[in-house]
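Asks: The residues making up each chain are set out below.
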Amino acid sequence: MNITQLTLTETIEALKRKEFPEEDLNKAYLERIKDLNPKLNAYLEIVESKKGIPAAIKDVISTRGIKTTASSKILENYIPPYNGTVINKLLEQGASIIGKTNHDEFAMGSSNENSAYGVVKNPWNISKVPGGSSGGSAAAVAADLCVFALGSDTGGSIRQPASLCGVVGFKPTYGTVSRYGLIAMASSLDQIGPMTKSVEDAALVMEWISGPDGYDANMSSEKFKVKNEKLQSGIRGLKIGVPSEYFEEGLDPKVKQVIQDAIKKLEELGAEIVEVSLPHSQYAVAVYYILMSSEVSSNLARFDGIRYGKGRDQFGAEAKRRIMLGTYSLSSGYWDDYYAQAAKVRTLVKQDFEKAYQKVDVIIGPVSPTVAWDFGAKLDDPLAMYLSDIYTIPANLTGIPGISLPCGFVDDLPVGLHILGKFGDDMTVLQTAYAYEQATDWRKEKPKL
Amino acid sequence: MSLSRNQVKHVAKLANLPLTPQEEEKYSEQLSKILDYIDQLNSVDTSGVEPTFNVSGQENMMSEDKLGDCTISQEDTLSNTPKEERGFFVTKGVFEG
Amino acid sequence: MTYEPVIGLEVHVELSTKSKMFCRCSADYFGKEPNTHTCPVCLGLPGALPYINEQAIDDCIKIGLALNCTISEKSLFERKNYFYPDLPKGYQISQYRWPLCVGGKITLDSGEIIRINRAHQEEDTGKLTHKGKDTLIDFNRSGVPLVEIVTEPDFTDVEQIRDYAKKLQQLFRYLGVSNADMERGDMRLEANVSVRPEGQKELPSYRVELKNINSFRFMVAAVEYEIKRQTEALEKGEKLSQETRGWDEDKRQTYLQRSKEEAHDYRYFPEPDLPELILDQKKIEQIKKSLPELPWDKSNRYKELNIRVEDAVRVAESIELSQFFDDALKHGKKHGVKPQDIANYIVNKKPDIEKVLPTQIIEDIKDKKVGVIDNNEQLEVLAKQAIEENKKSAEDFKAGKENAIQALIGGVMRLSSGKADAGKVKEILTKLLLEIKN
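Chains as they are written, first to last, in the numbering used here: chain Y, 1 to 449; chain V, 1 to 97; chain A, 1 to 438.
For the record, the hints were derived by calculation from the structure and aren't laboratory data.
Be aware that one or more of the hints could be misleading.
What the hints assert, rightly or not - Calculated cross-link-like contacts (lysine-lysine; reagent style DSSO-like; alpha-carbon spacing at most 30 Å): (1) Y:344 <-> Y:51; (2) A:303 <-> A:333; (3) V:66 <-> Y:344; (4) V:13 <-> V:26; (5) A:303 <-> Y:223; (6) V:13 <-> A:80.
Stated by the list, open to error - Which stretches of chain A does chain V cover? Using the computed rule of at least three CB atoms under 8 Å from a CB of chain V, they are: (7) 389-395; (8) 406-414.
Computed from a predicted model, the values in this text were never measured in an experiment.
Glycine included, C-beta positions come from ideal geometry on N, C-alpha and C.
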């Protein structure tokens, strides 16, 4: 048996059956990390754990006593004196932190090229980007360098790298998982979520990390509970919306074909496919860049050099660009034209989805317009980079849940299927994803390293 | 929408961001391009539309006024600072303003 | 041309809640070891999030209601962005476009009305100590709840400012929301001062903000100085501009801190970490009912009891003293002691209300006033003597002229040097005269 290929639920079963002790489990992963991390650069910090179920944590989530850099020079030596809520919840469930994963600085980016500590390589092809910003977590799961990982998603930062690395990545409904301890990028959009080897694993991790904590005031009072009968109940009669806007120009034709095959598969499984329209989606990226950068400019103001040592000149190029854009759009005289206008268009984007969800249970489409691209390809064109998040951003603007799960390959690189749910209905998203996953063999594919 | 070097300088000052002349030049160009893209928002008719600032759906999330267990020790408080003195953080002098 | 000042005030008051505004650290920071009442939230550590203290919101609403403000149905917290070492997050959580309380007023002793623009909720900053080339920072005060009360530019002199500040201080203490100790910095003032030609209706095109002046006395001096400086400048034909000035106590003059060009651009936007506050009428009514009788309502009620204005204000000074006075009034009424006499006693004798009971002072007042002679035998002796001395009046009374008894009462009062109980004297005289008659 290859211990590191087991999913979380399989690992728990095996531990219960005493097939191997926790120490062997940790040793197996640590050995694999030592072997492969120099090649992939997925981890920034490795913890020599001996007990517990090894989880990889995006380095933007605070871990008491373990360096948390946000992949930034500015926090090069920062050791948080407290744990994020999700960390405490994981530890209570018997998970252990095996390491902190690399990502774009302060979670800003779609390719992982914005990390101050070097790029993460895509395990499927190390000349390609792993996606971003949670590229390290995605690569760690894809390369079996952890049992599961946590990422954070502000504009697609869990789903897009999950898509590009061929793993499951779930962004919960805003307010389901506490953000306490998550180094904020854009507070009204950020959400922590699981990156796993299976949909069932994602559901289980969600159950572990969700629920109100008295620290995040935006949280729902209800805790997410997995209902296994529901997860496994199939999708017969489920109404699945396909937005025409998500299949227009800009989507790679080969990726489009893979997604259309997946839609056919869902139809075979008994779902009813319904065409829906999300007309304001074309503005989502513009809305996002105003609101996100405004929040960024404020969230990064605390790094003033007094308490963490490093001066503000240490921010990377993308962080500086967003601070500049946000500061500009909030500055005197521009409120109505930028922030207020963007917040109103956000309402229109939200209303599009509400209207669509009157007709359908979930909406599907692509996660990323393309598969993983070459390093450097979009680095000099920030706008092109921003537009690669066009399908994932609306879920953050509206707070709805979304998942990416493997649904095929283009040029030997994974493609992710995007399933978006109603606000608060994370369960149906997982249920749909589970049905598709069980009916296909994509998750059994592993990168050759 | 183009952003001049001077505007970039002004914004950088507001943001407390030290930029090199090269960076000023670069951001003037890049931000202008991004703002051009963002300008499409102004073509959307939003009359009568309420803004969305928060999608949590929550309201009145408040806590009782009692002491909690969030407080950390002085040692932990000062643990990441480059300079401290008798329990205080230390920074270079500032004038009241 | 003569000029008149136009002054608006901003008062910050620190609430005396147990915990801070957005975390549950102790808000009692005064004189504590530095950086010991701190947590990730009030230190602004990466990843920390604010959570509203409900008591602070209730206190802000109390202040708003007491100042006749409208309580906003929907209110939002916003981020006020600026850089300063005492501000750990690089922004202060405050309110700007959607404040909790708007549009109130307060009446000064002079009868003039000061309009309140708003009362909103925010958080305090850390405390800086300057030491040589260094600045020391203590974040114990960071996040302590503050309410900011902003007036319209309705003040025209420093007397009004003094009265306003005193009234607010008294109000905060009545409401039990703050100690409002100016020396300790519980209550801080900022002023916006400009001057305009007398008779001009429009506001001047500039205003000078007086900030960071940590003593009430200095603030008053700074305002007086500014009125003079600005008037002289305008008289010389100089143009004044928007700026922020501080106070140099050694030179006893204001000095420029920040010019218009360097003015802050706070880039306010809604605090994404906090969902909105929606206040229903029921909650507001509930808080309204819980308010104590306010100091100015109390003194008005006392005035209606024919108490002199200055005394009415004095006995309403604190809620404790006025409660003591109200209790004394109740007892006094039973014993026929006049309200003004009670007020006199309290104002002149300043009894220690912690130790003395209201009933005791009523006894005390009664004793003083009657001067002991209410003893029947003693009074009878005096009455007989008065009748001896004024037989004419005695005869007249017996003949049916009831008014004649007044002269005899006067006689007894004179003989007793005014110490006899007038009521009893009349009773005894009537009895004696009727006895003789029969």
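Asks: Against this structure, judge whether each hint is valid.
Replies: How the hints compare with the structure:
Restraint check: the Cα-Cα separation between residue 344 of chain Y and residue 51 of chain Y comes to about 50 Å, which exceeds 30 Å; the hinted pair is violated. Pair hint residue 303 of chain A plus residue 333 of chain A holds up; C-alpha atoms about 16 Å apart against a cutoff of 30 Å. A hinted pair counts as satisfied when its Cα atoms are at most 30 Å apart, and residue 66 of chain V with residue 344 of chain Y does not qualify at roughly 38 Å. With a C-alpha separation of about 16 Å, the suggested pair residue 13 of chain V and residue 26 of chain V falls inside the 30 Å cut-off, and the hint holds.
Among the hinted pairs, residue 303 of chain A with residue 223 of chain Y is inconsistent with the structure: their alpha-carbon atoms are about 60 Å apart, more than 30 Å. Using a Cα cut-off of 30 Å, the hinted pair residue 13 of chain V and residue 80 of chain A holds, with the two alpha carbons roughly 16 Å apart. With 0 residues having a beta carbon nearer than 8 Å to a beta carbon of chain V, the region 389-395 of chain A misses the requirement of three or more and the stated coverage is violated. Evaluation of the coverage hint for the region 406-414 of chain A: breached, as 0 residues show C-beta separations to chain V shorter than 8 Å, against a requirement of three.
Hint violations for this structure: numbers 1, 3, 5, 7, 8, all remaining hints satisfied.
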